[in-house]
Structure formats: C-alpha cells, structure tokens
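Protein chains: 2
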Amino acid sequence: MEELKKLVKNHALGNPVRLGVMVFLIPRRKALFKDLLKVLEVTPGNLDFHLKILEKEGYVKIYKVFADRPRTIVEATDEGVAKTKEFLRTLMVLVSK
Amino acid sequence: MEELKKLVKNHALGNPVRLGVMVFLIPRRKALFKDLLKVLEVTPGNLDFHLKILEKEGYVKIYKVFADRPRTIVEATDEGVAKTKEFLRTLMVLVSK
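Chains A and B, in that order, give the protein sequences.
1 is the number of the first residue of the first sequence in full-length UniProt numbering; add one for each residue after it.
1 is the number of the first residue of the second sequence in full-length UniProt numbering; add one for each residue after it.
Be aware that a few hints might be false.
The list cannot tell twin chains apart, which means a pair is met if one copy fits it or any two copies do.
[Stated by the list, open to error] Lysine-lysine pairs mimicking DSSO-like chemistry, simulated, CA-CA at most 27 Å apart:
{"#": "1", "residue 1": "Lys61", "residue 2": "Lys85"}
{"#": "2", "residue 1": "Lys5", "residue 2": "Lys34"}
{"#": "3", "residue 1": "Lys5", "residue 2": "Lys38"}
{"#": "4", "residue 1": "Lys38", "residue 2": "Lys6"}
Hints in this document: simulated from the structure, not taken from any laboratory.
Whole structure, please, built from the sequences with the hints as guidance.
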C-alpha cells in the first residue's frame, strides 16, 4: 500500500481547494484568479494561500496580464497536469481492486 | 461547475487521511484500526479524529470485537462506499472534459 501512503502524504493535492483548482484547470489549462474564486467559493486570501503552495510544488504558474486592468492568471504546468491525473488514476485503481 | 463546489465543500472526503481510509476500505470493506494506522502512517490520535468525522457523516461504522484482546474494526457503510466512488468518478469526469 505504498501508493496510499504517498497519497495521504501528498502535500500539494491533499487539500480539497488545491485539488479543486487543479481539477478546474486541467481541461482549460488556465483560468483567471477571479473565476477560480467564483467556481470554488473561497475567499481571495484562502485561494491565494493554496495557489502559493501549488506554485511552490510546481503544479501551477501564476502571472499577471494587463488588459484594461491587471488580471491574475493561473496556469497549470505540464507536470501539474500529469501529477494530478496520476493521483486520481491511482485512487481509482485502489478502489477498483 | 456545481460539482466542483460540492467537491471542495465535501467535509468527509476533503482530507487526504479520510479519503485514504475510504480508499483502503472499499476493496476490503473492513479493516482493523491498527492496520489503518500502519497503512496510512498516521498517529492513533490523528486516525481516531478522522474516523469520528467519517462515522458522523455515515461513511463508516466503528466497533470492537473481542478475540484474545479487544480489537477495533472500521467498516465502510454502503452509503460511504457509494459516495466515495461517486466523488472519485466526478473528479475523473471533470479532468477528462
């Protein structure tokens, strides 16, 4: 059951907000910070906290673009997409045994 | 994205230890408390805390059996199995879109 240990200790995805961010980003690849706020119904401070952890762990990149006003974009990295899919796949395999 | 909101707010499964407990129990249906401890590498107090939440939310039943000495058994409920599978299935669908 090494997989299960790893899942439980997975710092990046072992939180529903962070898992939710990745699940939302995967089919879109990127999203506006303000759209993530709406979708996940969390506060800006809370989302910011979780995004910093995902960024530190290499799951997302966060940057600003300037249209009429500055917008924060959150983009899933290739590595983040791969790791999240692998995380979910492992869970599915474990419950299907 | 109502599914994603629900996932993020899912009190029972929105924690890696609790999700790990359910993922371990589903193929086995029940396990000894002491085996869960080993598999998940958590402390007894930590596991007990999370099991109480799962029990309160109807995901598991916890009871003692007496062999040579008392043993605590954790058993997944039908409802808990169904809800956990549904939770994982929804995540998979969301990332496959």
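Quick rundown of the hints versus the structure:
1. Lys61 x Lys85: Within one copy only: 18 Å inside a chain, 31 Å across chains, cut-off 27 Å.
2. Lys5 x Lys34: between (34 Å within a copy, 15 Å between copies)
3. Lys5 x Lys38: between (32 Å within a copy, 9 Å between copies)
4. Lys38 x Lys6: For lysine 38 and lysine 6, the Cα distance is within 27 Å only across copies (13 Å; inside one copy 31 Å).
In terms of the numbered hints stated before, the structure departs from none.
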